[in-house]
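Let's have the full structure, built from the sequences with the hints guiding it.
One line per chain: the protein sequences are A, B, C and D, in this order. Note that my numbering has the first sequence beginning at 1, numbered continuously upward. Note that my numbering has the second sequence beginning at 1001, numbered continuously upward. Note that my numbering has the third sequence beginning at 2001, numbered continuously upward. Note that my numbering has the fourth sequence beginning at 3001, numbered continuously upward.
Incorrect hints may have been included.
Stated by the list, open to error - Once the Cα atoms are required to be at most 30 Å apart in a straight line, the calculated DSS-like pairs of lysine-lysine come out as:
hint, chain 1, residue 1, chain 2, residue 2
1, D, LYS3029, A, LYS81
2, C, LYS2330, D, LYS3003
3, B, LYS1159, C, LYS2225
4, C, LYS2063, B, LYS1159
5, B, LYS1159, B, LYS1120
Said to hold, decoys possible - Quick list of simulated restraints, FRET-style, between CB atoms:
hint, chain 1, residue 1, chain 2, residue 2, range
6, A, TYR258, C, SER2169, 52 to 62 Å
7, A, ALA304, B, HIS1122, 45 to 55 Å
8, B, ASN1048, A, VAL226, 22 to 32 Å
To be clear, the hints were calculated from the coordinates, so they are not data collected in a lab. Here a beta-carbon is modelled for each residue, glycine too, at the ideal position from N, C-alpha and C.
If you want the building blocks of each chain, they are given just below.
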Amino acid sequence: MNPLFLNNQVIVYLFSEAALLALTILLFAKIVKFLWFWDFRSYSNRQLKLEKEAYLAMTIATLLFTLKSVLLIFFVHTIDKLSLIIPGAMCAAGVISANSYGMDLLFIKLTVIFTLLLFLIANSYDLQAKTYPLFRFKSWVLIIASGLIFIEFFLDISYFTHIDTSTPVSCCSALFGNLEGANPLPFGLDITKLLLLFYMLYLGTIIALTLETKTITLLTLLLFGVIAYYGVVYFFGTYIYELPTHKCPFCMLQREYYYVGYLLWGSLFFGLFFGVIWVIMSQVGYNITKAKWASMLLLTLFVALCSLYVAIYYSKNGVLL
Amino acid sequence: MKQILKILLTVILLVVVAILLLSVLKKDAPIVVVKGNLAQKPLPIKLNKTNDTECAMLIKTTRNAAEVVAPDGRTWFFDDPGCMVKWLESKPFKEQVKIWVHTIDTNRWIDGKKAKYGVKDHTAMHYGFGAREKENNETIDFKQMQLRIYRGETLANPKFRAKLLGK
Amino acid sequence: MLNNSFFYFFTLSLFKNRKRYFAIVTISTLVIFLLSSVLFLSDSIKYSINSQLELEPDLIVQKRLGGRVVPLDESIVDTIAEIYGVSQVTKRVYGRYYFDKEYSALIFGVDFLDEQSSKALAKLLNREDLKRFLSSESMLVGEGVFNYFKSHFYPKAYNFLTPSGKIKSVKILKVLDRRSNLFSNNLIILPQELAKEILGLKSNEISDIALNVPNPDEAANIQRKLEGLFLNAFISGKREMQKEYENLFNYKGGLFLALYLIVVMTLSLILYQRYSLANSLEKREVAILRSLGWSIKDLLGLKALENIMLVLFSFTLGLFLGYLYVFILKAPLLSELFLGKNLQTQIEFLPHIDYLSLATIFILYATTFLSAVLIPVWRVATTEPKEALS
Amino acid sequence: MVKEFIVLASILILFILSMLLHSLLFDTKGSKSAYRSIVALTHIVEPSFAPSSFEPIIRKGKKSRTNSIYPELPQINYLDFAYAQ
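Structure (structure tokens):
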């Protein structure tokens, strides 16, 4: 028995995840039924029942999206609190890297939220049209979402059961700081090239979105996501903390930094989400200009915010870190 | 307008690909493991370019360095024989490996399993076991050194430090 | 969607069905109340401790034999003070004095020669009292100790029995501020020499040594040095303490929570049952609305809003009751579980609300409630007008 | 019924506000400085209530090993928040 399981937050978190898992199983069963028996032209009793059940699926998905988003924030804060119990951990970064499941778990959580958001958008368009043209598409989205939620739950359990409270973990500066001699950046980049790529890809994404080229948009969006993550952790973050050695994606979510992390990561993720949603939806025949504009706006906000921190630091101190 | 944007996008994409290619091709990551050392000979360590696998520090000197060669030719490098023993503990192939240690008395690579180890030498991670070729009345053999590392009876333990160094 | 008629109908149905909701809200409020009072209390104590933890010395050196703490020799202080990077080395003398089998107090001896201690003492006492404290054999006591003395007919002075068999009469100089009861309730502050005599320590012996390490990077190194100092040295650090407290409170709060999970599960079952028994009246209502042109989506929205209102209502009410119980009524009964019972007096808890605890309660409750009522609500909302009205 | 709803909602908001007001107006600073004056002298940060009979068993900075199934957890009767030692 791990003392973590007596932490209030961990108990509630796992309990809520389990409750949501139960709903997901129900959702999954319904969707499989839809995909099997759905026939819009039929007037049979079964079809009528299925159409009613579609509303249940919709309600469950809405609830899942809301609660999963809340639970993500809750999860990050819980992890941060746990750093008091786990030796060596200073903040959430150390705890999340206490075993190999942590980072995967975070990533899965984001994808779950993304797929559910995609479903909600597709669903609202689907309900407006009277013939359910997107029915199959949105069902598949939900199938993927529920699959991801199953994996997420598995990772939740594995993550919390595999945290050892007796062996020390690394604190964030050791994890994200330069390990001796090793280059932590992907593709063997250095900071200058990373920044160059960061702004280039941002520009490329905006242009690709304006030109409405689907493949290139998707490509630049995904690449920008990766580069932006590293850019924030290894460059822009140090300006938020005003400390060249503090490289951590989590600390900026704390009060000391005015919760700016929520704005920063939120604008990045939702910018990416809406961009990808625009690509996927235009692939199935809906050109949602709102999503496109939202994506452009959020990504611009993200880049502006990052650059602003550097600019403010420079104007205050006259030097760069 | 649209044409200009298209050209701009192409240029940007080209630059991005170019930067990525350039960076990927330029290799400057530190060495952690070398493959293909089937002869199981001690390899020269590229100083300041090689990471100790256990403690993740750069190896800055060959003094007290150690190498482990697996039967399939993979070679790992260490800056302290203590690190090497600790790392090897959990490996399934720990009985089959070839171990090389750099001695402090004769300054050459010898078989780690046959070497003698001092107990209060100055080593990189302060375990205190310096490899020697010649035996003296304070040295211990490999098996004993291994046991002491597992048990934590090293200079890194303050109680033992006080006992061994007499202060 | 939130146009006037929708809102009007929403409030109408909320109040019209209040009898049906009454039981649900009552049970939910009770559950939230119990849970929130436990979490409020543990958070408040944790907060009080954490707010003072900076004053706790970075490291404490003790001597242990067979797990028991034994007195240290004073001379080791000089050796420690010589270690580079160590500051504020303080000799501490303290221990428990048992009045009888059940009640005890903590005796703490102040070292007047220590600069830090005398400064802190000067803050507690005015000049006149300080002089008297220094010159005569007198003590400062916490409120709990004072109450015990009073009830045992020692209103002015107490006769301590030293281990050597002598009776030491010590005057009560002052009762400590009652606001500090959380830390001082069973505390007796004495001059160090007197404390040693009552605790049975020899004149060159002390209980332990507290010291600070200003540079945190040095701490591990210095701890290692101290451990090598003498054979039975036992060093504990501030961070360890913090972890210990965190675990302890987690344990107490978590045990409660684990029990509550069962309550919450039962609650969800009750909710499910109750909502499944939607009467024909409600079905008819839905049917009328649908034939008036409401879509299923609108109806689901109406029902969702109704339930969210119930959640918010019982959540706020339960929280309010919990707050009243802990911070206004000072948590009778419950405080004993967290602090134990010895020399009872009133203790004031700092009203500190941890937003994470609030989120914890809310998430637990909202998830259960909404998941439990989801299916019954959907069933009602999708009732066909035909089958309900026929 | 809208009126009743608004009345109810405002009562709830009043509850929240009164809680907030109480916690803001509470003399936290005074209590903290009272704690501080004691802790600065003793350097012991531990709540002082305790059932005395458990005290000698458990000591600060040391895990209680008395629970053989879950050695890392304190016992169920681990109530002593005592000044240890």
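Checklist entry - Regarding A:TYR258 and C:SER2169, is the given constraint of 52 to 62 Å on their beta-carbon distance met? => result 59 Å, holds
Checklist entry - Taking only the CA atoms, is the gap from C:LYS2330 to D:LYS3003 under or equal to 30 Å? => result With a Cα-Cα distance of about 36 Å, the restraint between C:LYS2330 and D:LYS3003 is violated, given a limit of 30 Å.
Next on the checklist: Check whether the Cα positions of C:LYS2063 and B:LYS1159 lie no farther apart than 30 Å.
Outcome noted: 14 Å, holds
Item to check | Proposed proximity, B:LYS1120 with B:LYS1159 (alpha carbon, max 30 Å) | outcome: OK: B:LYS1159 and B:LYS1120 at ~14 Å, within 30 Å.
Item to check | Status of the given 22 to 32 Å range, CB of A:VAL226 versus CB of B:ASN1048 | outcome: At 29 Å between Cβs, range holds.
Next on the checklist: Can you tell me whether the CB distance of A:ALA304 to B:HIS1122 sits inside 45 to 55 Å?
Outcome noted: Holds, at about 53 Å.
Next on the checklist: Holds or violated: D:LYS3029 and A:LYS81, Cα atoms, limit 30 Å.
Outcome noted: Roughly 25 Å between the alpha carbons, so the hint for D:LYS3029 and A:LYS81 holds.
Checklist entry - Taking only the CA atoms, is the gap from B:LYS1159 to C:LYS2225 under or equal to 30 Å? => result Holds. B:LYS1159 to C:LYS2225 sits at ~9 Å (cutoff 30 Å).
The structure shown violates just one earlier hint, number 2.
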